[in-house]
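Colleague: Residue numbers (this note's numbering), protein chains in the order written: chain A, 1 to 237; chain B, 1 to 238.
Don't read these hints as lab results, they were simulated from the structure. Keep in mind that a hint or two might mislead.
Derived DMTMM-like pairs: lysine to aspartate or glutamate, alpha-carbon spacing no greater than 25 angstroms straight-line [as the list claims (entries may be wrong)]:
no., chain 1, residue 1, chain 2, residue 2
1, B, LYS51, B, GLU79
2, B, LYS165, A, GLU154
3, B, LYS123, A, ASP67
4, B, LYS130, A, GLU202
A few chain A residues facing chain B, derived, Cβ under 10 angstroms [as the list claims (entries may be wrong)]:
no., residue
5, GLN29
6, ILE33
7, VAL209
Derived Cβ-Cβ restraints for the label pairs, each shown as a range [said to hold, decoys possible]:
no., chain 1, residue 1, chain 2, residue 2, range
8, B, ARG217, A, GLU70, 55 to 65 angstroms
9, A, LYS112, B, LEU124, 44 to 54 angstroms
10, B, ARG75, A, GLU70, 22 to 32 angstroms
11, B, ASN24, A, ARG92, 31 to 41 angstroms
12, A, VAL227, B, SER110, 46 to 56 angstroms
13, A, VAL227, B, ASP167, 22 to 32 angstroms
14, A, ARG25, B, LYS73, 28 to 38 angstroms
15, B, ILE160, A, PHE116, 32 to 42 angstroms
16, B, LYS131, A, ASN168, 43 to 53 angstroms
17, B, ILE160, A, ARG51, 49 to 59 angstroms
Using N, Cα and C, we set each Cβ at its ideal position, and we do this for glycine too.
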Amino acid sequence: MKNSYLFAVIEDDDAEAEALNALFRAYAQEHNIIIRVKRFQSAIALLIAYRSEYDALFFDVDLPGMDGIEASRKLRKIDPTVPLVFVTALTRYTLKGYEVNAINYLLKPVQKADAFLTFDTIIRMLSINENESIIIHTLDGYARVIVNSILYVEVSSHKVVYHTMAGNFDVRSSMKQTMERLDSRRFVLCNSGTLVNLSHVEFIDKEGVVIKGEKLLFSRAKKKGFVEKMNVFLSNN
Amino acid sequence: MELLKIAIIEDELTEIDHMLSLLNKFQREKGASFSVFTFQDGASFFASNVKKFDILFCDIELPGQDGMEIAKKIRELDEEIVIVFVTHISRLAMEGYSVSAFQYMLKPISEDGLFATMTKIGKLLDMRDKKMISLNTGEGFAIVPTKDILYVTVDGHRCICHMPKQDISCWMSMKKISDRLVSSPFALCASGCLVNLHYVKDIEENVVVLENGEKLRMSISKKKTFLKALSVYFGVMG
């Protein structure tokens with residue numbers, strides 16, 4: 001479990017931001033961890049520079065320019081899992097928080113007990129495997145992808161395409177680099193240009209594998225290794 | 001979506017009917033399959049085997065324990081169950097976060113709202129790690145989540161794995177299949193019939209009734225051990 005976290009706070013009021021920082025410091029001290037904080041005065045400032053590098057985001061709702069709810073919707077498109085917390089004086093957006101899978105909705109002035117429970121939840125969430133994600137550099141910027149949502153990755157003229165349950169992403173990368181990022185026990189080549197997530201394979205026959213109805217063909221060179229890895233995978237799962 | 005088990009806790013019958021008709025429509029249109037259980041209060045819900053449920057739709061205003069209390073109690077037992085509040089009251093939305101509610105829906109629920117929620121839940125459950133088994137079909141191997149198998153029967157030299165949407169015939173012996181399923185809740189109700197205990201709804205005389213209505217005969221020689229396995233399974237699950 002890691003012990004250093006980076007949180008982003010999107011809050012235009014200095015006093016409110018400092019109140020939150022005080023809570024972070026108190027929690028960090030109590031739990032013997034390090035919490036670094038990056039402050040943004042507006043949602044737009046966060047979104048422009050966003051590289052999915054934060055462990056959690058704390059959004060005020062009432063912000064200049066784009067409000068926190070709107071910003072979190074845009075954010076969820078490129079980052080489906082980063083823990084999100086709303087910190088606001090307004091109660092009327094509580095329902096909207098569910099739409100973006102917010103972890104919590106903290107009312108100002110934020111109570112220590114509520115804040116600490118929220119931080120506990122964030123830290124617990126970050127250590128769960130199912131939420132494991134990687135950040136990919138797409139042609140439009142950066143996106144966070146949940147590893148287990150990746151169906152397969154294929155090479156296509158100087159880029160790779162991640163086929164995921166949330167859609168396809170074109171990424172500037174090579175198959176070699178892609179394979180270095182993904183667990184080789186779970187992601188295996190069925191041919192030199194296609195890397196398959198074993199946990200989504202529905203059917204294997206002489207010609208190839210079927211994932212979500214699509215057939216991906218074996219190359220002679222890769223077939224045997226694939227089947228062996230699949231057997232190991234199944235016996236471990 | 002495999003045979004999901006959905007619990008609804010709701011004391012107003014018209015609301016229950018509304019939910020059931022929406023869920024049935026979703027099943028038909030999206031090709032999903034569920035079995036739905038309804039309860040009118042927390043007490044009757046907790047009297048059942050609560051850990052078997054995948055999704056809970058819970059009203060908040062209920063006789064006895066209110067929905068929030070029920071949700072807190074079930075979270076202590078089961079971190080994985082997906083909780084959706086369905087209520088007239090909007091002011092408790094904030095508390096819903098403390099039980100990691102997936103969604104907080106206001107009545108009356110619209111078809112779009114329910115469909116969207118069910119689709120999102122489906123994707124979430126799809127990404128969870130599942131125990132898989134490979135079945136030799138002769139043409140190749142079908143890899144299926146063990147949770148999708150309702151029961152397995154013998155057919156000559158082969159076995160048939162019965163699942164909600166299809167039956168897969170495989171070139172494997174019953175022994176081989178049950179060895180592979182040993183860490184999942186399966187038990188023989190007859191020497192040629194291996195049942196997934198998760199889907200057992202009822203026992204009638206010498207018949208096992210499954211959630212989907214199918215009935216399987218218990219043999220005299222296997223009945224005792226089968227019923228024992230069943231009570232252990234339900235005992236363990238609370």
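Colleague: Now look at each hint and say whether the structure bears it out.
Modeller: Results for each hint:
With a CA separation close to 10 angstroms, the supplied pair B/LYS51 and B/GLU79 stays within the 25 angstroms bound. Of the supplied pair hints, the one linking B/LYS165 and A/GLU154 is violated, its CA atoms being roughly 30 angstroms apart against a limit of 25 angstroms. At roughly 28 angstroms between alpha-carbon atoms, B/LYS123 and A/ASP67 are farther apart than 25 angstroms, so this suggested pair is violated. At roughly 13 angstroms between alpha-carbon atoms, B/LYS130 and A/GLU202 fall within 25 angstroms of each other, so this suggested pair holds.
With its C-beta approaching chain B no nearer than about 24 angstroms, A/GLN29 sits outside the 10 angstroms limit, and its interface hint is violated. Checking A/ILE33 against chain B by beta carbon gives a least distance of about 22 angstroms; that is not within 10 angstroms, so the hint is violated. Hint on A/VAL209 holds. Least Cβ distance to chain B is approximately 9 angstroms, under the 10 angstroms limit. Range check, B/ARG217 to A/GLU70: about 60 angstroms between beta-carbon atoms, so the 55 to 65 angstroms window is met.
A/LYS112 and B/LEU124 have their C-beta atoms about 31 angstroms apart, which leaves the hinted 44 to 54 angstroms range violated. Take B/ARG75 and A/GLU70: their Cβ atoms lie about 31 angstroms apart, and the range 22 to 32 angstroms holds. Checked against the given bound of 31 to 41 angstroms, the beta carbons of B/ASN24 and A/ARG92, roughly 34 angstroms apart, stay inside it. Between A/VAL227 and B/SER110 the Cβ separation comes to about 47 angstroms, which falls inside the hinted range of 46 to 56 angstroms.
Taking the beta carbon of each, A/VAL227 and B/ASP167 are about 25 angstroms apart, inside 22 to 32 angstroms as hinted. Between A/ARG25 and B/LYS73, the C-beta spacing of about 34 angstroms keeps the proposed range 28 to 38 angstroms intact. Between B/ILE160 and A/PHE116 the beta carbon distance is about 54 angstroms. The supplied range of 32 to 42 angstroms is therefore violated. Look at B/LYS131 against A/ASN168: about 28 angstroms separates their beta carbons, and that is not inside 43 to 53 angstroms.
A hinted range of 49 to 59 angstroms holds for the C-beta pair B/ILE160 and A/ARG51, which are about 51 angstroms apart.
Against the hints set out earlier in the document, violations occur for numbers 2, 3, 5, 6, 9, 15, 16.
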